[in-house]
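We have chain A; now place chains B, C and D with the ligands onto it with these hints.
Residue numbers (the numbering used here), protein chains in the order written: chain A, 1 to 486; chain B, 1 to 486; chain C, 1 to 445; chain D, 1 to 445.
Incorrect hints may have been included.
[As the list claims (entries may be wrong)] Quick list of in silico lysine-lysine cross-link-like pairs, DSSO-like style, CA-CA up to 30 Å:
id, chain 1, residue 1, chain 2, residue 2
1, B, 370, B, 193
2, A, 241, C, 35
3, D, 285, B, 481
4, B, 452, B, 390
5, B, 32, D, 249
6, C, 35, C, 152
7, D, 21, B, 437
8, C, 181, A, 163
9, B, 167, D, 322
10, A, 23, B, 4
11, A, 448, A, 437
12, A, 161, A, 118
Just so you know, these hints were derived from the structure itself, not from any lab.
If you want the building blocks of each chain, they are given just below.
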Amino acid sequence: MTQKPGTGGLKFNEPQLWDKSRKGRCAVSLPKEDVEESLLDDSLVGDAPDLPQLSELDVVRHYTRLSQWNFGVDSGMYPLGSCTMKYNPKINEVQASRQGFAAAHPFSGDEASQGALKLMYSLEQFLAEITGFEAVSVQPAAGAHGELTGMLMIHKYHEKKGKQRSKIIIPDTAHGTNPASASLCGYDSINVKSGPNGILEPEAVKAVMDEDTAGIMLTNPNTLGLFENHMKEIADIVHAKGGLVYGDGANMNAIMGVVKPGEIGIDVLHLNLHKTFSTPHGGGGPGAGPVAVNKILEPFLPVPRIVKEENIFKFVSTQPDTIGRMHTFYGHFGVLVRAYSYILSLGAQGLSNASKLAVLNANYIKEKLKGTLHLPYDLPCMHECVFNDKIQKEQYHITTMDMAKRLLDYGFHPPTVYFPLVVDGAFMVEPTETESKEGIDQFIDAVKAIAKEAETDPEKLKTAPHITKVTRLDEVAAARKPCLKG
Amino acid sequence: MTQKPGTGGLKFNEPQLWDKSRKGRCAVSLPKEDVEESLLDDSLVGDAPDLPQLSELDVVRHYTRLSQWNFGVDSGMYPLGSCTMKYNPKINEVQASRQGFAAAHPFSGDEASQGALKLMYSLEQFLAEITGFEAVSVQPAAGAHGELTGMLMIHKYHEKKGKQRSKIIIPDTAHGTNPASASLCGYDSINVKSGPNGILEPEAVKAVMDEDTAGIMLTNPNTLGLFENHMKEIADIVHAKGGLVYGDGANMNAIMGVVKPGEIGIDVLHLNLHKTFSTPHGGGGPGAGPVAVNKILEPFLPVPRIVKEENIFKFVSTQPDTIGRMHTFYGHFGVLVRAYSYILSLGAQGLSNASKLAVLNANYIKEKLKGTLHLPYDLPCMHECVFNDKIQKEQYHITTMDMAKRLLDYGFHPPTVYFPLVVDGAFMVEPTETESKEGIDQFIDAVKAIAKEAETDPEKLKTAPHITKVTRLDEVAAARKPCLKG
Amino acid sequence: MRYLPHTKEDIQSMLEVTGHKTLENLFDSIPQDLKSKNGINIPEAISEWDLNAHMEHLASDNIACRDYKCFIGAGSYDHYIPAIVPYLISRSEFMTAYTPYQPEISQGTLQGIYEFQTMVTHLLGMDIATASHYDGGTALAEAALISLRTHKTANTVAVSRLTHPSHRQIVDTYLRPTQFKVIEIPCTEDGITDLKALEAMEDLAGICVQSPNFLGNIEDLEKVRQIATDKKAMMVASFTEAMAYGLLKNPGSLGADIVAGEGQSLGISKSFGGPGLGLLAGTKKQMRNLPGRLIGKTTDVKGRPGYVLTLATREQHIRREKASSNICSNNGLCAMTAGIYMATVGKIGMRKIAQLNHNKAIYLKKTLIESGLTPAFDVPFFNEFVMKVPEGFDQMRRNLIEEQCIFAGLDLEPYYPELKGHYLFCATETVSKEDIDYLAKEVQS
Amino acid sequence: MRYLPHTKEDIQSMLEVTGHKTLENLFDSIPQDLKSKNGINIPEAISEWDLNAHMEHLASDNIACRDYKCFIGAGSYDHYIPAIVPYLISRSEFMTAYTPYQPEISQGTLQGIYEFQTMVTHLLGMDIATASHYDGGTALAEAALISLRTHKTANTVAVSRLTHPSHRQIVDTYLRPTQFKVIEIPCTEDGITDLKALEAMEDLAGICVQSPNFLGNIEDLEKVRQIATDKKAMMVASFTEAMAYGLLKNPGSLGADIVAGEGQSLGISKSFGGPGLGLLAGTKKQMRNLPGRLIGKTTDVKGRPGYVLTLATREQHIRREKASSNICSNNGLCAMTAGIYMATVGKIGMRKIAQLNHNKAIYLKKTLIESGLTPAFDVPFFNEFVMKVPEGFDQMRRNLIEEQCIFAGLDLEPYYPELKGHYLFCATETVSKEDIDYLAKEVQS
Ligand SMILES: Cc1ncc(COP(=O)(O)O)c(C=O)c1O
Ligand SMILES: Cc1ncc(COP(=O)(O)O)c(C=O)c1O
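If we strip away everything but chain A, and leave its shape as in the complex, we get (with noise of 0.2 Å):
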């Protein structure tokens, strides 16, 4: 294979900082004391909180090593399948760390805040166009909090008609936090199986859908990379019942500029601009998760909302029918001042190109490597595509997780595994537009390599990753006897 990225070198252990710790060190220049001091009363004062003292080079050295540890979309290619770990631009993180944004405070009122209020209404204004609705809030706080404000909005929308429901519907390709959110909103998720393509039957939603079912979650294109077909015939089986459709967009990286959600019968959808909109992930968040919906559930989207009034941009509270707040304030500003700056850059024609980039980086893959891996839905796939370890586990007793942890070594992050749940052993790649083709052959030929090497040699495989840092740690030694704090 052409030469792989991964190789071994010098890190650096580093302890703990409380085993750093010196009494007496302090990393912080205090700010002089200008007024006199005043006491409180003793009962209300506590011992000063055991935080570890050090010198300033001792935190620069510490992060700076942990960090070195650590693999970023900047390391390598991050094919996390479900995630979209595009380029994630510098220049943004320039804009989020202007004064005026960084510095502002959420009670300086409207007058102070133009600015942001004017960015966050642009935004909601291209979210909406781009996914086809009517309106948009960025509030919610990631995905998972997006999909929460839209089944609280279904919910709401249901208590309004005057009769609450207690089902939702939930096909199996479902990420967790879709029947989770719906838990919380007291629905019961009745799951629904695929059909034998992948992707969902009208027929079967059809079989479960009933007066008492709220609606159904649907995720386009669903988690196994394919796009559902059948969506209108589906929306239409539960608009004709009552219920309401709602869909998850952490794939809108697929169709951006192809299909809007919103023309195709979807009536809620959240959005992950920390992936479809090139927000760094931050190592598990911030992200945020706004939420796009049709004239019929505009009233219940969350407050405060954005109007604009002859050029002044407001802050209004007063919808009747909302949900409410979902946010302490107006969701990860931060991050929505990113979002907005990528959508400026690419323009319509740079975002569906992303789109159809990441498609056809996706396929590419799918086509390369459906001999080497099995690929239990051969169809041409979107921005994903799904493969398993079947081959392998049949032949040499070599697991998905074998295969990820020896493509450490190879210097890749391993796809997402073991999701979506229906295929079992999954091996899912995102590899997302941002790549080229010279890193995905050398990604392609890492995994056709590491294929020969379950044949050759299973034991590297099993024993894997060789060169990195830690090896495999104790899970299920970690889970039993839990050690949460140090």
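Below, chains B, C and D with the ligands alone, put in the same frame as chain A:
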């Protein structure tokens, strides 16, 4: 020993830029063309320079990976003798990048540049006060550039006196830049040996100093980390014959608040702001090498100089005796901003504490390691101490180089090796004041462990380093068949 | 486009492999009637340089673009952020990583968050802290849900009226679709929670009290603990100003079962209210009830220490509809930021800065009284307090903002109609005596 | 002090090891009369926060603190710097490393500079480029010295009068103490170097011509080459605007033996003139004459490719007084910055941006003519040119700076008395048509 910092981990291979290049890629966003194109005559136009063609992510990954192959002060202890690798405060980077400084055009004119002028003027005052001199110019771009500036002033001084001289006295402990700088002024270097205890004997100087000798170049503390106790007598001897004393102040970090070079007979001194005053070395520069002078030499300082006239700061270039200009503009302003910030952050007390602790750290290491490594000059040292490989070489054929390379596996940057030349197999340790006792103890343990290995497993040292991304490189081949571009 | 690496040649050769003529053909499998006939109508792509100009223009429409003096807290606090904090957090290995699903190459995030969890337990005096939640309000809602889910019989949670208004609204939003109820604990004349009224309440699963409360006043959590014990209800302590626990007795030491609050004060910029940092901590007993991610320490097969995501069986990706919460992505990078901040200020700095906040607030209150404002309450506070203002104050305040970028307190009427003419003031270490004296002078005139 | 890690206990236990009572005792070996009796009289230490306030105050005393329009070049050019350049260069592994003396742990710096060397050879059309020098002026002085040292007989170097005035001064400064002489090549009415006069000169070791020259005009380097060959002198081409070679024939293709110039335009901020980037390149023949560091490609003992500092036998730390120069630290980080910049703009961007500079300059000249200024010369230029201005221009210019932060050209009189009333104008990609039209309007009125 306590756990050593060095360990192995995942790194990434990265090809050369042009191997990643693909025709048609461009990682920059091109400004809009709002005026019509105007073509130059073909006879003047060349081909577009053959630079690599990459996407933005290609560039980001390339340099991110490269950076991960490097070792910096933020990675770990960097006891490189004579280089004062102390912590480089991040806050100083913030200051240098303020728009008012970073975007300032050097020809904006004095009125529009009062902030920059005031900063340089104040820094010159601070440095004069710290070193005990009459005046300072911050124009020189590095230590060696400061040396040249100083030697040019000495040269001009003699010229003005009416009789130029042909020689300059330089002790064997001097840094290579000293004789090289003297040569640029046409002076022949007269090499004098330092005495049995590593410092210069007045007799040795007396023996060579004559009316044809321009003066002497002294480093104090010298490169053995020893203070030149006979400084004054030596200066008197040189002055008596009409010579001048050049002081190499690269080691000023040892004596701030204790000794002022301007008070002990030195006529001109250069400082390394990228050593004593904490500005980052940047993998080889840029630094800054201000020169400080006494009354006698002040008229010869390079132009422009900065003067203050009723609270207005001005550049003035009319000094009749100036040696002229040393830098296209005013020196490395961005570096000066950092040094100025450092001085304000420490104040007088902080600076002298820094020196005291730097000396404490060096003496501590000297005491702890003198049994393990041979210590040619067992005297109280200043900011650094110089060992060598006498013991290991005689007993196990292990050289300073072998030990230095092995230190890499332990996670430390090696000390300066094979300098100063007066100590063969020199192993020159300068911990600096920003290293904590624990860190230093770790280093001491590492050296001891390596000394043990020299006995028990010499091969391990001869073939070191073992866990770095590359191991010993063929420098002979590199020099014999130079390949200086790709 | 500089983010898209594909050259014409790349696209051609890749299409040949996938067997498509054009990029559009990649979408042939999608039924025509599902495809959009309408393009995306948004502004054309702009260059990096035009983006900078546009964004700076927008930013300058916020007063914050100028150095302003902030005498407002109310859930978002103006604290100094040491330069090393943004410098370190911007390292791309932290910034561009996903949730640490592959621990072998995520030890940086994992150890960093593990250390964060540990420092939070020390700050709050609790046994366990989660790897973060979205913000203080959503964390409180989760806490309320825990108390309700775990209680055998009761289905009501009592929330103090002096809990941050937004937090109370979020709790309402989260609970509306459930069978659970929220009742409000009223407050006294003194600006603290009316614990007598609380004592009179029946069948409570949880009691949620914020201290310092929204009016800045310090609540008697010890008493709350007693009442909670008597009523067999879970005690949930919340807060919006983490800095307070540099000085005050922490809620853990006062017996809280769960603590939920906002960590923005720990090195995170105000950023118009988000992203902040939801802190959620509990006693050992609550370990399996806590929502969201937890990092645990373990060893690798070679016995080397390492860290992993653990107790995932609580979470949605395993438990799905039975999960303790739906949270997936949290505010990890903000947690890492808070970790760096706490490591930087350390034990000494945290105490000194907290004390300084209190000193400044006391001084601010004193000077405001001298310049004609009346204190609304006379109970201990940390760095926020309420003042009754004279006629015309509001106009003067507006002028101060427009002309001098000084934010002189927050009008409480929208949140507490009964407090018409009252303003909530805050002073942190970032306001100098000079600033305070200046404000007082302005207020006087 | 937060940079000093030593606790009281640390100091005590360390002093016990070194056998000293106090820290002061560490200096007992220094004779009393060499110690200073005077403390250091500078301001007291200030906190990070006061430093920020103080520095922002200083920075705001520079007009540059506001977004200003820069129609001045003259050796320091206002070009866009892509955000990834400062982001990447700020990685501490680059920033806080020393000169790569230990190649095994310096491959980042080494490959980066090796790539820089390579890109510089492509930009300038030369065989070899060094790892950087201090700036354009010091690089030119080194180039002049090379020509003088390597020439058998001649001891004079001719330098064009239209070389950057500072560069000429630096050459003078460097050469004064030597036995070498500098003579000036005069210039013609057309604002270019008088090559006729050059032809009349005898015994030249080197001929130094800058193109585009200080007046912005493009020199006939082909002709210079001929003359240099006739006179057996070394041809040294210099420049201050590296961007020009995105468009113009590079000096290598025109036969230069050595090229010396300023690389600030390649992604480095103006920063009041420094640090910039000295570029120095030569033909193969000059390899061992070039001063300063060179990075070479080689392999490690396992045959893996790697990079090292090489040909050190030219340098001071080996050759000492016989070294080709005294340079030790260079401007490495600026070289790395330029490398990142060149990799970012690439072949396409470099050409487009260069062309754009030319377009804007042509348009600026045209509009200035329309608004009443007179062009001084009528020869091809890149992005700088000279205009004769009417009475009162200087005052108007001063007002433009103070009131609108517009820098309308550089007065040439201080540098070329014969050009009294002439100004040097520059336009880069950062000035928009709008800016130019606005300036023209102002100039007209
Ligand atoms: C399909 C899908 N839906 C929802 C989510 C939840 O998004 P978040 O993690 O931002 O809460 C994800 C994220 O993994 C996802 O992949
Ligand atoms: C003693 C001494 N003098 C002079 C120098 C030269 O300084 P610079 O590298 O900044 O030119 C050095 C740097 O290594 C040095 O150690």
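Checked hints:
no. : hint            : in the structure
1   : B:370 <-> B:193 : 24 Å, holds
2   : A:241 <-> C:35  : 25 Å, holds
3   : D:285 <-> B:481 : 14 Å, holds
4   : B:452 <-> B:390 : 15 Å, holds
5   : B:32 <-> D:249  : 25 Å, holds
6   : C:35 <-> C:152  : 52 Å, violated
7   : D:21 <-> B:437  : 18 Å, holds
8   : C:181 <-> A:163 : 20 Å, holds
9   : B:167 <-> D:322 : 15 Å, holds
10  : A:23 <-> B:4    : 23 Å, holds
11  : A:448 <-> A:437 : 16 Å, holds
12  : A:161 <-> A:118 : 34 Å, violated
Taken one by one, the earlier hints fail for this structure at numbers 6 and 12, listed in ascending order.
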